[in-house]
Amino acid sequence: DAKTTQPTSMDCAEGRAANLPCNHSTISGNEYVYWYRQIHSQGPQYIIHGLKNNETNEMASLIITEDRKSSTLILPHATLRDTAVYYCIVRVAEAPSGGYNKLIFGAGTRLAVHP
Amino acid sequence: DAGVIQSPRHEVTEMGQEVTLRCKPISGHDYLFWYRQTMMRGLELLIYFNNNVPIDDSGMPEDRFSAKMPNASFSTLKIQPSEPRDSAVYFCASSLNYGYTFGSGTRLTVV
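Respectively, the protein sequence lines represent chains A and B.
Sequential numbering from 5 applies to the first sequence in this note's numbering.
Sequential numbering from 760 applies to the second sequence in this note's numbering.
Source of the hints: derived by calculation from the structure; they are not laboratory data.
Note that CB positions come from ideal geometry on N, CA and C, so glycine has one too.
Wrong hints could be hidden among the right ones.
Heads up, incomplete: computed chain B residues facing chain A, CB under 10 Å, no partners named [as the list claims (entries may be wrong)]: (1) Q765; (2) P767; (3) F792; (4) Y794; (5) G801; (6) L804; (7) Y807; (8) V812; (9) D815; (10) A847; (11) V848; (12) S854; (13) Y857; (14) Y859; (15) F861; (16) S863.
A few chain A residues that face chain B, going by a derived Cβ cut-off under 8 Å, partial list only [claimed, not checked]: (17) Q46; (18) G47; (19) P48; (20) Y50; (21) H53; (22) L55; (23) K106; (24) L107; (25) F109; (26) A111.
Using the sequences plus the hints, can you model the full thing?
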């Protein structure tokens, strides 16, 4: 699976949009971009994933550049409860299949939302 | 749905003792994963199962670690004998489609 690069930490004011970048310049055509987050002392939580098109769900939006070499996770109105470590992961396969189901976590971005 | 259930939440044991961590995946999920998290190494995938069969155990650190999944609703991770460097938070996760659901973890301290 391709390697990802994320900033170590970011700050965001409560109520503002949090834009978390991720570089994945070696991504292959069949690799998806996944985002998870881990709130202190809890297990990681799935946020969103995508292949080429931008995606949106109740938690966030995912913007993938046309060349797919980078993406941005957007939390439209950050709250204090969004303070967490956010992981960007690139991985073959959308659904579990064969030996390509591993989800490998990097160091992530530590997002601090402040009042 | 109660989610992925792990027990115990906290475990303190003495070096050399056997430790067993337990996981109940979400009903209907056919993949189960064991991860370990430490400050130094972050989240590491230890082993995963598909339909109760171990698929990849390349992340298991040593022979002291073993994992089983006797049925679709239960899995164990055993450390025997335990060592202080095994102190970590151990997470279990299960998956059916694209998203993994993680449990709350077991914080293991080996003294």
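Going through the hints against the structure:
no., hint, verdict
1, Q765, "holds, 9 Å"
2, P767, "violated, 15 Å"
3, F792, "holds, 7 Å"
4, Y794, "holds, 8 Å"
5, G801, "holds, 6 Å"
6, L804, "holds, 6 Å"
7, Y807, "holds, 7 Å"
8, V812, "violated, 12 Å"
9, D815, "holds, 7 Å"
10, A847, "violated, 13 Å"
11, V848, "holds, 8 Å"
12, S854, "holds, 6 Å"
13, Y857, "holds, 5 Å"
14, Y859, "holds, 6 Å"
15, F861, "holds, 3 Å"
16, S863, "holds, 6 Å"
17, Q46, "holds, 6 Å"
18, G47, "holds, 3 Å"
19, P48, "holds, 5 Å"
20, Y50, "holds, 4 Å"
21, H53, "holds, 6 Å"
22, L55, "violated, 11 Å"
23, K106, "holds, 6 Å"
24, L107, "holds, 6 Å"
25, F109, "holds, 4 Å"
26, A111, "holds, 6 Å"
Figure legend: structure checked against the earlier numbered hints; hints not met, in rising order: 2, 8, 10, 22.
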